[in-house]
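There are 2 protein chains.
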Amino acid sequence: MVAFDDIFRRQLRELFVWRRDVRHFRTTALPDGAVERLIATACLSPSVGLSQPWRFVIVDDAARRRAVIDDFKACNADALNCYSGERAGRYAALKLSGLEQAPAHLAVFADKASDIGHGLGRTTMPETTEYSVVAAITAMWLAARAEGIGLGWVSILNPERIHEVLDVPTSWKFIAYLCIGYPEAECDQPELEKEKWEHRRSAQEFTLKR
Amino acid sequence: MVAFDDIFRRQLRELFVWRRDVRHFRTTALPDGAVERLIATACLSPSVGLSQPWRFVIVDDAARRRAVIDDFKACNADALNCYSGERAGRYAALKLSGLEQAPAHLAVFADKASDIGHGLGRTTMPETTEYSVVAAITAMWLAARAEGIGLGWVSILNPERIHEVLDVPTSWKFIAYLCIGYPEAECDQPELEKEKWEHRRSAQEFTLKR
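Listed in order, the protein sequences are those of chains C and U.
In this text, residue positions in the first sequence follow our numbering: the first is 182, and each later residue adds one.
In this text, residue positions in the second sequence follow our numbering: the first is 182, and each later residue adds one.
No lab work stands behind these hints: they were computed from the structure.
Treat the numbers as computed from the prediction; the structure is a model and nothing was measured.
Among the hints, erroneous ones may be present.
Repeated chains share a single entry, so a pair holds when one copy, or any two copies, can fit it.
Claimed, not checked - Straight-line Cα separation of at most 20 Å, EDC-like style, residue types lysine to aspartate or glutamate; simulated pairs:
id, residue 1, residue 2
1, Lys-293, Glu-308
2, Lys-276, Glu-372
3, Lys-293, Glu-281
4, Lys-390, Glu-345
5, Lys-390, Asp-292
6, Lys-390, Asp-241
When you get a sec, could you build the whole thing from the sequences and use the hints?
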C-alpha cells in the first residue's frame, strides 16, 4: 500500500498548473525510447471494463508527416473561414500546432471492435471506449511534463484523412494527433489565454447541486 | 518556471500504478469542501480551444441518488442478459458500483452548446468537447488518489434517465457518474484483473510504427 504526503500533493498540483498544450517546440530529438516510455505510462490508465482500447501509432515516415501537416493546413484554413472581423484576425495570428518542429508525432486511436474486456461497461455508453483512450492521453501528458517534455494535441484535422494517411484498421476511431518534444518555453498560463482568445472561469461557475 | 525531480517522477508513477476504479467504499464522510477542491483541480485541465466544457453536478438529494441507483440496477440487469454460461456467472458476481456506500456522488456533463472558446479546435472534431471533460475527470481521479480518496466511474447507466433525474440543460451531454469516498482497501491491480474478468496487456501490443 502506498500513501502520498503533502510535499507530493503540492508538486502534483504544480504539475497540473504547469501542464500546457504546447505548440512551440525545439527541434531537439527526444532520448531514445522516450515516446515508448510515455506510452507504457499511458497504459496504466483506467479503461472501461479493462478494455485497453488505446492504439498508438508512432509516425516517423516523412511523407506521412507531410500529409498530416497538409491536412492540418487545409482544415485550419477552413476553420478560419468560420470567423469574421477582428476574431478572424486573431484566429489567423494564433499558432495552433507544432507539427513542423516537434521531433515526435504520435497518433492515438480507439479500437471500437476489440473484445478485450468482454464489453463490460460499454452497453449503455459505448463512447466510454473513446473516453478510456482520452484518460490514457491525459496520463501521458502529465508524465511528459514531469520529464520536461511538452505535448500538443492537434484536433484541427480530418479524421478520415488521417486514417487513410496512417493506414490503420477501419475499426479504429481517430482520437488525437500528438506533437511531442521539448517546449521552447514553460508557462503556467494557457497560450489561448495569454493571446486573449479566451479566459479561464472559476470552478464555481461550472458546479451545480442537485 | 517549475522543474520536477526523480523523486517526484517516481511518486507520480506510483500514483498511476495505485489509482483504481473503486467500487468498495467506506461510508465515512469526506471532509467539508473535498469534492469542491477536486472539482477546482479538474478545472486546471486542458480543454479544446479553452472551452472549459465541464459541468459538475454534486448529487446530495436522497431521492435523486435512489433514482440513479435504480437506473444502475436496471441497466446492469440488462447487461447481464448479454452474457451466457460461465461468463454470465462471473459478471453477476462482480461488484460494479459503489453507489450505495460512497458518501459523495458527482455527475459530470459536457456542455455542447457553450460558446466559451469560440469553437476553436472543434470544427472537424466536435467530440473534443467530450474529450476535454474526460481529461478533467482523469486529473480529478489522480488528485483524489493522492489524498487517499477513491473514485469509481459508473457507466452502466441510461444517459437520458440520468439527465431527467438530475434536471440539467438539454445541451449538456452526460459523460460520467462518479462515486467518491474513502476506499475499503488499496490495491495496485485493477479489480477486474483480480477477479479474472480480463488481464492487462503490454504497451507493445498496442503500438504501431508508420
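Status of each hint after checking the structure:
1. Taking CA atoms no more than 20 Å apart as the test, Lys-293 paired with Glu-308 passes in both settings, with 9 Å inside one copy and 15 Å between copies.
2. Only within a single protomer do Lys-276 and Glu-372 lie at most 20 Å apart by alpha-carbon distance; the minimum there is 9 Å, versus 43 Å between protomers.
3. Within a single copy, Lys-293 and Glu-281 get their C-alpha atoms no closer than 30 Å, and across copies no closer than 31 Å, so neither meets the 20 Å cut-off.
4. Taking the shortest Cα distances, Lys-390 and Glu-345 sit within 20 Å of each other only across copies (15 Å), while inside one copy they are farther apart (45 Å).
5. With identical chains, the CA atoms of Lys-390 and Asp-292 are at most 20 Å apart between copies only, with a shortest distance of 16 Å across copies and 36 Å within one.
6. In this assembly of identical chains, the alpha carbons of Lys-390 and Asp-241 lie at most 20 Å apart only when taken from different copies (7 Å versus 48 Å within one copy).
Of the hints listed earlier, the one the structure fails to meet is number 3.
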